[in-house]
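Reassemble the complex: the two chains are provided individually, in unrelated frames, and hints are given to aid placement.
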Amino acid sequence: MGEKQGRALVVGAGISGIRSALDLAETGCDVTLIDAAPHMGGVLSKLEYQFPSDGCGMCRMLPMADRDTCLQACLRKGLVHGGIDLMLSTSLKGLEGEPGKYRVTLETEPCIIDPNLCTGCNRCSEVCPVTIPDPFNQGLSTTKAVHLPVPHAIPNIYTIDMDHCTLCGECETVCPFGAIYLPGDGRLELKIPRTLVEMDVGAVVLACGIDYYDPTTGINTFGYKELKDVVSNIELERILSGTGPFKGSLERPSDGRVPSRMAWIQCVGSRDLEFPACSSVCCMIALKEAVLVRKRSGGTIETVIYYMDMRCFSKEFEAYRRRAENKYGVILKRARPHSVRHDRNTGGLWLYITGDSGVREDEAFDMVVLSLGQRPGKSVKDLAKITGIGLNPLGFFEAPLSGVGDNTGVFAAGSASGLKDIGESVIHSSSASAMALKVIHGAKKITDEETEPLNGFRDVSTQVPDIGVVLCQCPNGPDIEPQVKSIGANDVHVSGIMAMDRICTREGWDGMLEALAGKPFNRILVLACSPQLFLDKKAAISKAMDLDPAYIDFADIGKGEPLASTVKMGLARIRYADRLNSMASTMVPKVLVVGGGLGGMTAALSVADSGFEAVIVEKEPRLGGNLVWLDKDITGYDFGRLLDNTCQQVENHPGIRVFTNAVVEDSRGGPGNYTTTFKVGGNDSKRIGHGAVILATGGREAETTAYGYGTSDAVKTNLEVEQALKAGTMDPGDMNVVVMIQCVDSRCDTREYCSRICCKSSLKHALEMKRINPDLGVYVLYREMMSYGFSEIYFKEARERGVIFIRYSLEQKPQVISGTDGPVVKVHEPILNRTMEIRSDLVVLATGILPSAIQSLAALFDAGVDDYSFFKEADSKWRPVDAVNGGVFACGLALGPRDTKESMASARAAAMGAVRLISSRPAGVSLVTAGIKHSLCILCERCIGSCVYGARTLDPDAGKIRIDPVACQGCGSCAAVCTNSAAFVNNYLDQQMLEIIDAAI
Amino acid sequence: MDNFEPTIIAFVCNWCTYTAADLAGTSRQKYPPNVRLIRVMCTGMVDPKYVVKAFLSGADAVLVSGCHPGDCHYINGNYKARRRVRLLHGILGRFGIDRERLRLTWIGASDGIEFAKVIHAMVAEIKALGPAVSDMKLVI
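If you read the protein sequences in the order shown, they are chains S and W.
The first sequence maps to residues 1 to 1001 in my numbering.
The second sequence maps to residues 1 to 140 in my numbering.
Incorrect hints may have been included.
[Unchecked claim] A few chain W residues that face chain S, going by a derived Cβ cut-off under 8 Å, partial list only:
#, residue
1, His73
2, Tyr74
3, Gly96
4, Gly112
[Said to hold, decoys possible] Straight-line alpha carbon distances no greater than 30 Å define the calculated DSS-like cross-link-like pairs of lysine-lysine that follow:
#, chain 1, residue 1, chain 2, residue 2
5, S, Lys46, W, Lys30
6, W, Lys30, S, Lys537
7, S, Lys796, S, Lys813
8, W, Lys49, S, Lys247
9, S, Lys295, W, Lys117
10, S, Lys247, W, Lys30
11, W, Lys127, S, Lys46
12, S, Lys485, W, Lys30
13, W, Lys127, S, Lys770
14, S, Lys295, W, Lys30
15, W, Lys117, S, Lys559
16, W, Lys49, S, Lys933
17, W, Lys117, W, Lys49
18, S, Lys247, W, Lys117
19, W, Lys127, S, Lys559
[Unchecked claim] Ranges of calculated distance between the beta carbons of each label pair, as one might list FRET restraints:
#, chain 1, residue 1, chain 2, residue 2, range
20, W, Arg86, S, Asp356, 48 to 56 Å
21, S, Ser357, W, Arg86, 24 to 32 Å
22, S, Gly94, W, Tyr79, 49 to 57 Å
In short, the hints are calculated from the structure, not lab data.
Beta carbons are placed, not taken as given, at the ideal position from N, Cα and C, and that holds for glycine.
Isolated chain W (complex conformation) (with noise of 0.2 Å):
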């Protein structure tokens, strides 16, 4: 167990939390390595579905992180993504998916080492956890 190393897909949008990763690259912070980026171009176009497969196949953890409130390229689509992670939060449980595993944070442009900190805790939070099992397998 100790040699858990989770594997987190994180949702971020192209306009902020993106930069933001970009940034924790540029200015050498370090985060690990569990992450997988998937740039999505706004955090309003997360559906629902992604989060679910992300599970089934196997991820331990899945962020979704966009542009703070107001901030939104797109007026309102991080708006949109907060509704659907409080909806997702509601029925993960019966895909037997502790809702822990699912984050949602707000990392704007020039929020790099706020973007290494939530790696960070996420990575220690789900080690604590151990790996997602889903006792559910469906096929999307």
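Next comes chain S alone, as it looks inside the complex (with noise of 0.2 Å):
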């Protein structure tokens, strides 16, 4: 953790919440994160696969640099961090003060089962007589009143739903360590009654998420909750679970069939009158899901997905749909079913449809899945009304445009602020976090505490083991003393064991701090079940003993696996457990960013209100990239207003320094600690020294010779449509029919993807065009409309004023034909069924985005590209701004395709990642980190090769391999690969291993 900063409130501890919180905490902010619910999660506890993945990989979220400040456990657990306090069931009551400096007032729910004592041992729940709906499960199966919120979530202490429980106190009476305390019987105090707490923070970030929109609410209701067959998405989602109510396997609900045909229908409750917006991610969970289903199925089963516009808009979604179709078999129908009937005869489900040409095309299937569409999050209107943030129409948190000089200290992260994606959420996230952490920042120190030093324990490393074994003895198993007793004495390390009743409880915990307190011992080893629970205990045992967390160690003896086998393998651990002493390289407090556009100079300032120094390198004379030929986005914002503003703050801050006409030459080091040097002005070479670098090289216009482009001035591109409305030199007056064609070149074998923003663009246009000149025929043929989000209001809107939309596909692509009185375009119109022919004085072409080549720049920081030559993230979802390295991050069109406020928005997500690395100033190497023997290495490189972190290098000079130990995750591939034992890992050693594996038979 860096420098004491502060503290952070993050409301909500779902995925947006978790980045949020690790982004302050690990650049050293205090942070309190707080949840609702008695669990963290949110929405993704009940999620398990997202696309394009079809997997997980939350745990790619975790910290990089200081890997030990965090509990290294999957993040669908629950997240452990030294610098985060989790308080759950806790909502915000109140707020006052002003950025920088707020007081806040948090309100947490009454507890019947004590947090400290119980130990999930689920006895309460097996004498509960009261059967409820499992929550956990949407109600698709049960579980008692009292119950475990989340069956995976650490810590795991059960609740009691009190809206069922009709306390009848057998749970009372059971209950081994006296945790429950159910009111009553006149006792109507709680024995943890609700509480209110006053903290002070510099900031509030506000990650609330969603809500799904309740289909029984509705006008239209499709059966949903009178059909069992009927599920909602998210239903769906824990029926495939492994944890869900069928145990993983896929069953109808309402009798247990295997079902043999499933249909979707997308926008239940999204683009309608109620609702306008769209939902964004329901396409795309749609697809996700039939395709589990086919590949569980083995293809057994039929999937159809009805739907109005098939949304793939970000980079790999549109490839993603392609396999769905072409490789699993995945079948879309473009078709808005209205209604769901029970079929008597077959007892399965009737479709009625209405099918584009006007026939009823009807369709009997046994499993309806409905696409629901996203809502505000439950507490949003109160968390407005306590912060003051406005809500936008649809009530979700206005987000503005900047973010810069709105005067407060309060953000929106992640979906709170309108329905995203778990990439954009984390992205968004990462934003609110930079936001926040300029505010704090700013404020500087509203809390004295110092950094503890962490390297200054008694230096035992060099001492040979000295055990102490703690034994948790647990009153409701059986006496395991004597048997360990009896195995220490076989072992000579081990000098000493002592039995502590229930260290599980807060009690016996400290009653086990207090024995062990001033104990030689160099070496801890505590045997107990569910050794997850204790691992954030570690500082404590270390303080308690002024011993490096490095000798303590834990072993779960509540598995059910011989305890013999157990301890023995612990000790055997524990034995050669060791910290590395190497030091890690320091960080250089400097952030390059290379390209000075809207994304780049976001991002410089970003890193700047953090207190480090940002240096832009821009190849062109002047900064601003695209943002210098934007005129307005489609809400009306200025962009000429957006770019002067912007360029001012840079080069006004003291923080930033800008070389315009410079060209990055070569790179050297890594993450940390890079040494760049680059070529002003075509011959003055400069070298500056960084920590990490940002890539905002941006994108550009695709050049097209599609359509008569080239031949004719009346066919233009969105760009030259654009500048010629900024500038005047466009009339839309004078015109009477203008043909917008989308996708050109776009979403075909030669470019895949979908550049998202064309639609986006055309809607505009054709507003603007509309609103000067109301009479103006505006006709757009598109394939799909990606107007995802609150965009669609536009679409609607552009409808409403008599926009023509004609949808072409692949096959039947739009021809223009040049005329005398301008160009002809023919195209078929699908609903007519027939060939139309527009006259027109404009043809308008959205030829999409490419990005500016990178390959070279990215390859000297030992990052990537993807098949469509934009820079490589780590992880779509879960790292969605930085490459494997950890160094080396990426905003804007140099990501992917992305309007304005979105590369605004992962500018920002980048500077937080380079912040984050380098404000982490790690007392020493992580506990699992590969080193190196050299007196036994070969030189043959394999473990170069096999390094995904590029932490292993040659160094040429000293003929040695070197080890970045803040690059190196501890994977231990290096040690696999190495045929002489020369690459290890620490903690992992060959003779550990091999004495744990002896140990265990």
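Below you can see the structure in the form of structure tokens.
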């Protein structure tokens, strides 16, 4: 963790809140992370498979630089970080003060089960007579009134659903730990009552997520809740889950049969009169679910998705759709079913559908999945009132375009400000934390705690292991002390065995600390059940014993394995426990930003506002990039003003240096410490040291030769129209008909991806032209209108204002024929089922976006490009702006097509990533880090090739392999490929592993 | 022979299968006590010599289990494990070890039930195979 920065409050502990909390904690802020639920994880605790990987990967969000600050375990279980105080069942109730100096009031729900005493033994649930629908499985299965809210969560504290509890008292009687204290019988007070806490924070991040539309409240319910086999998309996710109602087997809820035909109905509760926006993610969710079903069933279940527009608008999504259709056989049909009925004869479902041509195309299915639209989270309204953050007409937080100068210290993160997939949520959360960090950094240190020195422990590294064993004697379990003692007696390294009473409870834990304090052991092995519960408590033992946490380990005696082998394995592991004493290299507190467009400038400002230096290297003579020619966005926001403001801030910021006409030439080093040379003005070579790099090299409108472009002045591109409208050289008043053609050279075999912003641009131009000349005929020829999120509102407005939208297919593309009175566009109209000829004054081509060539630049920094030559992210969902090695970031169009607002968010996220890295000041090398024994090394370089993080390099001068302990993540690939056992991973040494194996048998 | 209780060494990755094993514990999915979990950061760090050592020390079977393809915390460690297990299947015969005794599975963090199932099935199959007898006495 970096220099102490003050405290931040993050509201909501879903993935967005986790991302923001980690961002701020890694940069040295104390973070209070609260969630109204009794568990963390939000919506994602219920979702296991994410597109486009069909898997998970959430753990990739964990810190890379100072790994030991954070519990190294599956993030779905929970987040444990030294700098983050987690408060569950807690809500924000009040906020006073000003940015940098807020006083917040937090309210924690009363506890009926004392979390300090509950060990998750499940006895209460066994005796509870009240059966309730399990909220974790959306009511598809049952649980007891006293239950574990999320089966995989740590800590696994039970909760009681007081709406259903009959206060019979069975659980209270049976609890062996006295953790349950029911109200009633005159005992009106709860043991742990509702509590209010006030605290000072510098900034607040609101990551309160989303909710789902409830079809039973709508005009068309599609039989939801009446027909058992009509399920929502979330319910299907639970059905597919191993912790789901049918334990992962795909069954119909009505009779448990495996369905043979499944249908998805898209846009249920989205894109309608009540909620005119698009929920952005449901198309991909439906595709993913259908692919999962096809994979699981070996292709035996037929899957049909009924959609309006299949919105696969992010970089890899169109490819995913193609795979879904071509490889997995998912069937896509463009239609909007109007109702679902029960079929008495078959017991199945009938879908009533009217096809394009107006003919009924009803079909029978066994199961129907409703793709439910998203709604603002339950708490958004209250939070808006408390914090004064405005809401848009649909009830989401307003997210101002610039976020600069808004004089607030409260920021919306993730989907609380609009509908986003995981990748976008993560980007927008990091963007929010970057803005929060600016406020906190500006206010500087409202907490005056000093960082405790981490390396001040007694030096035991050269001592012979002297192991103290702590044994948690569970009153529920057998007496294991004699057995452990006899094992200890046979191990020369064990010098003390202490049996403690229930260290899983607060009292037991404190008792253990007291007993350990001042003891001379130099290794501690704690035998307990569910040791993950204690990992965050290593620090406490370490403090009590003045012992580096590296020498403290836990062994799980609750898994039912033979005690002897567990204890012996634990002893073999702890005996070799050590910390590599090579120090992590120091971080260079400077960030290089390549590219001075909107993305680069925003990133540099964000870095500089966090107290670090940013250096912009721009190859053009001036800053601005694509923003120079852009006029307005679809909401009317003036880009000229944004450009001027941003350029001015960059020029006036003391933390930013700008080099124009400059090109990067070479770079050496790795994450935390790069040395890069660049040429200014063609000959002047400069060299700088920096800890991280942000590639903001942008992109450009694609060139085309399609549809007669270049042969006629009446055929223009979106960019040319934007420029002409801005300059006033084009007057829509002089024209009668304009035809816009979408997806030119895009979403086809030669360029697979969707450029995402062209539909919005065309809508913007169409509306602008209609505004100037209401009589103008505007035809938009499209394949799929990608007006995702709130931009759907403009699609609707355009239709209302008389813009005609004609769908075309790749097989029947429009043709542009030059005529004497301007070009004639021939297109097949699918609803009329005939070919139309439109004589037009202007044809506008949406040609899409290409990235600037960054392959060689990325390669200089050991990063790469994807199939489309955009920057290759480490993970499009969980690490969406960083390269695998953790020192290189990208933003804006270099990452993939995105609009200005999204570019700015990605720029702040990239800056946040860079600041996370350079502000981390590891006191030592993380415990599980690779090393090398030079005496055994034959320089075969196999280890270098095996390292995905680029942490191993050959130092040609010394003739030695070098390891960058910051880049190394401790995966052990290098040690496994080394033929000489020269490469090793600390705490997973060969000798140690072999002894553990021996101990196991 | 009826009383034969095989010993299975399971190298499980810290991120996915270990989580699943833990989930099996917390959701009270009983699995036979024949398995000894050895938690490794990644299946990609399971050196073939660990597997051979396990057999030579007397294990009746070895399970290597990690994240599903694409889910590896370290990007591609599980693919490395897959290649190594394939190679090991090729050479285990020379140690007198039936290749059936080395398994590779992908068990995700939420698949507690799947983990219990895999262990049940493996114990049953190894019981049927009988104890492993290595005809080579190597010292590693």
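Hints, one by one, checked against the model:
no.	hint	verdict
1	His73	holds (5 Å)
2	Tyr74	holds (4 Å)
3	Gly96	violated (17 Å)
4	Gly112	holds (6 Å)
5	Lys46(S) to Lys30(W)	holds (23 Å)
6	Lys30(W) to Lys537(S)	holds (28 Å)
7	Lys796(S) to Lys813(S)	holds (24 Å)
8	Lys49(W) to Lys247(S)	violated (36 Å)
9	Lys295(S) to Lys117(W)	holds (20 Å)
10	Lys247(S) to Lys30(W)	holds (15 Å)
11	Lys127(W) to Lys46(S)	violated (37 Å)
12	Lys485(S) to Lys30(W)	holds (28 Å)
13	Lys127(W) to Lys770(S)	violated (78 Å)
14	Lys295(S) to Lys30(W)	holds (28 Å)
15	Lys117(W) to Lys559(S)	holds (15 Å)
16	Lys49(W) to Lys933(S)	holds (19 Å)
17	Lys117(W) to Lys49(W)	holds (27 Å)
18	Lys247(S) to Lys117(W)	holds (12 Å)
19	Lys127(W) to Lys559(S)	holds (21 Å)
20	Arg86(W) to Asp356(S): 48 to 56 Å	holds (50 Å)
21	Ser357(S) to Arg86(W): 24 to 32 Å	violated (54 Å)
22	Gly94(S) to Tyr79(W): 49 to 57 Å	holds (52 Å)
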